[in-house]
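**Student:** Listed here are the chains, written in short residue letters.
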Amino acid sequence: MSGPNRLPAPIGLLIDRKQRITFTFEKKAYQGYAGDTIASALAANGQWLLSRSFKYHRPRGILTMAGQDANTLVQLPGEPSVLADRERIHSDLAVKAQNYMGSLESDRLAILGYFSRFLPVGFYYKSFFKPRGAWEKWAPHLRKVAGLGHIDVNTRARDYDKQYLFCDVAVIGGGPAGMEAALSAASAGADVILVDENAVLGGALAYSRIDTKGLLATEIREQLVRQIAAEPNIRVMTLAVCNAWFADNWLPVIQGNRMYKTRARECIVCAGSLDQPALFHGNDWPGIMMGSAAQRLIKWYGVKPGLRAVVLTGNNDGYAVALDLLDAGVVVSAVVEMRELAPQIEMTASLRKRNVAIIPQHTIYAASPDKKKRHLQAVELRRITGRGQVASGGERIECDLVCMSAGDMPTYQLPCMAGAKLDYDDLTARFSISGLPQNLQIAGSINGTRHLDAARAQGKMAGWKAANALQLDVGCAPAVCIEEGREEEINYPWPIFPHPKAKEFVDFDEDLQIKDIENACIEGYDHVQLSKRYSTVGMGPSQGRHSALTTARLVADATGSSVAEVGVTTARPPFAPEKLGHCAGRSFFPSRHSGIHHRHIELGAQFMLAGTWLRPAYYGAKGSRDLCMQAEAKNVRQNVGLVDVSTLGGIEIRGPDSAEMINRIYTWGFAKQPVERARYAVSCNEQGVVIDDGVACRFDKNHYYVTASTGGVDHVYQNMLRWNSQWRLDVDIANVTAAWAAVNIAGPNARAVLTDVCDDVSLTAEEFPYMGVREGMVAGITSRLIRVGFVGELGYEVHVPAHCAEALWDALMQAGQPYGIKPFGIEAQRLLRMEKGHLIIGQDTDAMTHPAEVGLEWAISQKKAFFIGARSIREIEKRPLTRKLAGFIISESESAKPEESHLVIRDGQISGRVTSCYVSPTVGQTIGLAYVAPDQAKIGTTIQIRVDAALVNAQIVTLPFYDPNNQRQEM
Amino acid sequence: MPPIRQPTDFNYRSMLYHDLTARGGVFQRIDNRAVVMHYGDSKFEYQAAKTLAIADLSPLSRTGFRGPGTRDWLSEHGLELPDKPNTAVAALDGSVIAALSWNQFLILSDLDAKSGLCEKLNFSWKRRPALQCYPLPQADSHAWFALSGTQSPEVLAKVCGVDLRLHKFANLRLAQTTLARVNAIILRNDPGETPVFSILADSASAKYLWACLHEAMEEFGLNIVGLEALRP
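Sequence order for the protein chains is A and G.
Going by the working numbering, the first sequence opens with residue 1, and the numbers climb by one from there.
Going by the working numbering, the second sequence opens with residue 972, and the numbers climb by one from there.
One or more of the hints may lead you astray.
[Unchecked claim] Computed Cβ-Cβ distance ranges for the label pairs, DEER-style: (1) Trp-1073(G) with Gln-726(A): 18 to 26 Å; (2) Gly-1049(G) with Gln-438(A): 44 to 52 Å; (3) Ala-752(A) with Ser-1095(G): 37 to 45 Å; (4) Phe-1015(G) with Asp-453(A): 54 to 62 Å; (5) Gly-611(A) with Lys-1097(G): 27 to 35 Å; (6) Ala-993(G) with Ala-229(A): 40 to 48 Å; (7) Trp-1073(G) with Glu-578(A): 40 to 48 Å; (8) Thr-1148(G) with Ala-671(A): 36 to 44 Å; (9) Pro-974(G) with Leu-609(A): 52 to 60 Å; (10) Pro-974(G) with Ala-752(A): 32 to 40 Å.
Because the hints were derived from the structure by calculation, they are not lab data.
A virtual CB, placed ideally from N, CA and C, is assigned to each residue, including glycine.
Kindly generate the complete structure, drawing on both the sequences and the hints.
**Tutor:** As structure tokens, then:
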């Protein structure tokens, strides 16, 4: 035995008595069995006190044994607020209680309960915000005593995962209706997933009592489970929670550390219903629980829920609970029946035969604790004299267990997330669900039936309908079982008995009492949504599962409305607590590598992200950026350098209208561009804003290969497709960025190196001039050669098929050895182009930049009738400039170097900003580009740039800083 | 038995060859490229491929053509073409012709690389470019992986939102989708009884995607196999 309350075998469906497990709670060791939850193992050992309540620090114990309440929230190492009635024990588990000061048994903050009359609803709003500034003083103290559990910031991150799951039919809830629905759909050939939050299928069949002898539930459950196991079309997912319903039956099903992103063509929710508490003074003492909680303790875990019990009931369920208690050896002192008469059913007779007193038209009016105020000791019964009213005197009964069966509420959350409505029927005192969307059904007790045969029939029918909607071979529709007006389907309408000393809890999470809801209404918060926000009812961890029905009744009563009119607050995902880890799950961060990536690693590159590409920033030790960048740049100027430009965008435009396409997309004239020539190409959007640049290479009359910036190519490509969907030009547009790798070999020795590995293209200045393009073989690789000068030196871009990039790199590096070839990274490339005064779109431009602001007027055709942005640019050109990009030099060597986005200041006002700035080894000074006011752009003007707190003087100079006559790049 | 070769013996190199070499891949020459045939235990790999295994097929040839004249041009070459998009046909020589749209086709080499279909088509187009039919550089724009075995759909479900279960996603169907946030073509082309999904995705993302698939496979057992294991 693992504890004095453990019942003998074979009772306990979920526990494995062969495996004993030792764990600790509040540093005291306990033993349980494999399959036990923390709460069941503690209950077996007589530890009923699990936590302290949120506001008054009242002792709390088991309420539902179904993970549907906040009473069982405990602290685990590294994880706060874990449901003790769902979390399974394992060896060395160290559990602590939450929300107490001192000890769980003697919580010093329990004193707050004595001041409850001074802590009315809305107390925080009223008390701590006045006078102004008071909140700052109160907040630290309140925060110390508020909240549940502690977050351990040193906890090691755990692995969470996500996976897609597909099915024809998802059945949520593995009770009798759910199992029948799954079987019905699967037998017609549907692919079914059956999701249940418990460890075994069966729903209520696994713990409740249907017949007087108490055998039928087990028989039916086992029979259905066998049928499901034999059905290959059903995938059973136990210990899995469907946490929401999203459009088109997108269902996040959480099982363990994985979220299954489930797509179901049809969905059937058979999530059952939830027992609701009765409201009487002290209805929260440990020992007071739902009838179904006691049954779960007995049937699932083999735990005796108490020694002497009183069953409070307003429906027939209480009689089954009483019989289960008797069978478990609990003395049932009385069945307190709130209805006028006990039902004429077999169970009533059986209880009477077993000498159980059945007391009709009575209620528990008050419950009182033992001397230590930790557990229930007795209840006071009173005769019910009217709705919520009781006689003046009553009877006291000693007991350590009260089981409540006051009514139930459909588990409406998933259907309501799907847009269903809740309607209240005054006759049955129940909410019902209507207005379901297409492809979503409900069956079983969620759909209002409490009778097993009807629930099964509903399940069968739902499965049939789902299969029929899937156009499967379903045969005839199953028989319909109409079970309306059954006595067991009527809730006791008003199990609410106010007490002068209050403490009749509506919401156990937030310690809200009847008067709190009433006062919220009196104070004007008389809509259920307002009452919720003001009083916080339903806002705790259990999200109104046990308070929504009572709140609706109380608000209706206070406002003179019907319960149907009041309704309940909006159900939103998630249904059950969901960890951030589940939402994060497996994360994907795509990264792209050029075919030369490994060579860069071997050469000691430090990488930087350019979009999703990993590019070498510089080659050398981490932290040596400036030195490496300048050395690499110097080598390009003096010898020859090689840079990987595979990330450059590449777009092929082929077809009879390719020149027309280019002419419309780019701002310059391309119609007469000769074959084997490249042209600088600027593209603008309709507003005339510069969005990208590159070179347009014409390899054939009907074939252009256009480069685009690394970050801009996808946008440029999409733009081309979008425009051509209107223009319908006869072209094919292909984004071939990944297909073509490229290097830029640049420097005075570039031609010599390339000549060594390229023998079918003449590389002389005359035969292959600046801005020429050729096709040929480089190192035996089919290549496209483009003579460009981005870095301001003699240079060739060599574009090759991506999988040949490394071979090309190897060949060029080898051929370049005698010429002092060295790789250079992006940083050096940026410095070099800066010296040459070339722009980087996106760095030196922004979302407002038009061509004239950055000196690109020359790239705008004045002759073309149309190109994208033409009209806007021409309008903009009529207006005076408001800013201008200008080059600057900082002559004072001791001045701090400005960084990008540092501000240009004039007379204390911002007149521009720096876009690029480098220390140039070639120029020997700090150089940069900055937007300045148009009058400041005049050559020789001194501007001031704010660097940290100081103002640095800079002189505006003519661009470029290097080789103004282009002799180097055109050599 | 062809001699063992190194990837660096050739200009065309898989984006993953460094990783494959480090894992002990044994390469052989196919069409001027080095392909991993196995990693030292062919028998084990053959068995693993029935359940779950991944292979890099990037060195095998593949090509693509697109444009309104493509269907006619390919038909002129005597090829049977899929009659609707997102389906494929397997030629008798083992090569596969997949329709990405009505006017766009992807052609994959057979696993023995004997058919030479891709090379023939590329050569034919170069010799005489067809009207409104444009070649696409699929051999370089896309890496080619094969995910083999009955557990493949479970692995793919961790990285892809398309229902690829074997009974729902028939042989010679394809999906143009995203895999771990990277655009990809997933084509089921079972060479024999074992289900095999060909994954063609951005070659620049090959390293990333290779690692993602490995991670997704780990819970089932990560088996990296050579080309031999996939041959029926």
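**Student:** Taking the hints in turn, state whether each one holds.
**Tutor:** A quick look at each hint next to the structure:
1. The supplied range of 18 to 26 Å is met by Trp-1073(G) and Gln-726(A), whose beta-carbon atoms lie about 21 Å from each other.
2. Taken as a hint, the range 44 to 52 Å holds for the pair Gly-1049(G) and Gln-438(A), whose Cβ atoms sit roughly 48 Å apart.
3. Judged by the Cβ atoms, the range 37 to 45 Å given for Ala-752(A) and Ser-1095(G) holds: they are separated by roughly 39 Å.
4. At about 56 Å, the beta-carbon gap between Phe-1015(G) and Asp-453(A) stays in the expected band of 54 to 62 Å.
5. For the hinted restraint 27 to 35 Å between Gly-611(A) and Lys-1097(G), the CB-CB distance of approximately 33 Å keeps it satisfied.
6. A hinted range of 40 to 48 Å for the beta carbons of Ala-993(G) and Ala-229(A) is consistent with their spacing of about 46 Å.
7. A hinted range of 40 to 48 Å for the beta carbons of Trp-1073(G) and Glu-578(A) is consistent with their spacing of about 44 Å.
8. Take Thr-1148(G) and Ala-671(A): their Cβ atoms lie about 40 Å apart, and the range 36 to 44 Å holds.
9. The supplied range of 52 to 60 Å is broken by Pro-974(G) and Leu-609(A), whose beta-carbon atoms lie about 41 Å from each other.
10. Under the hint 32 to 40 Å, the C-beta atoms of Pro-974(G) and Ala-752(A), about 37 Å apart, fit the expected range.
Violated hint: 9 only; the structure is consistent with all others.
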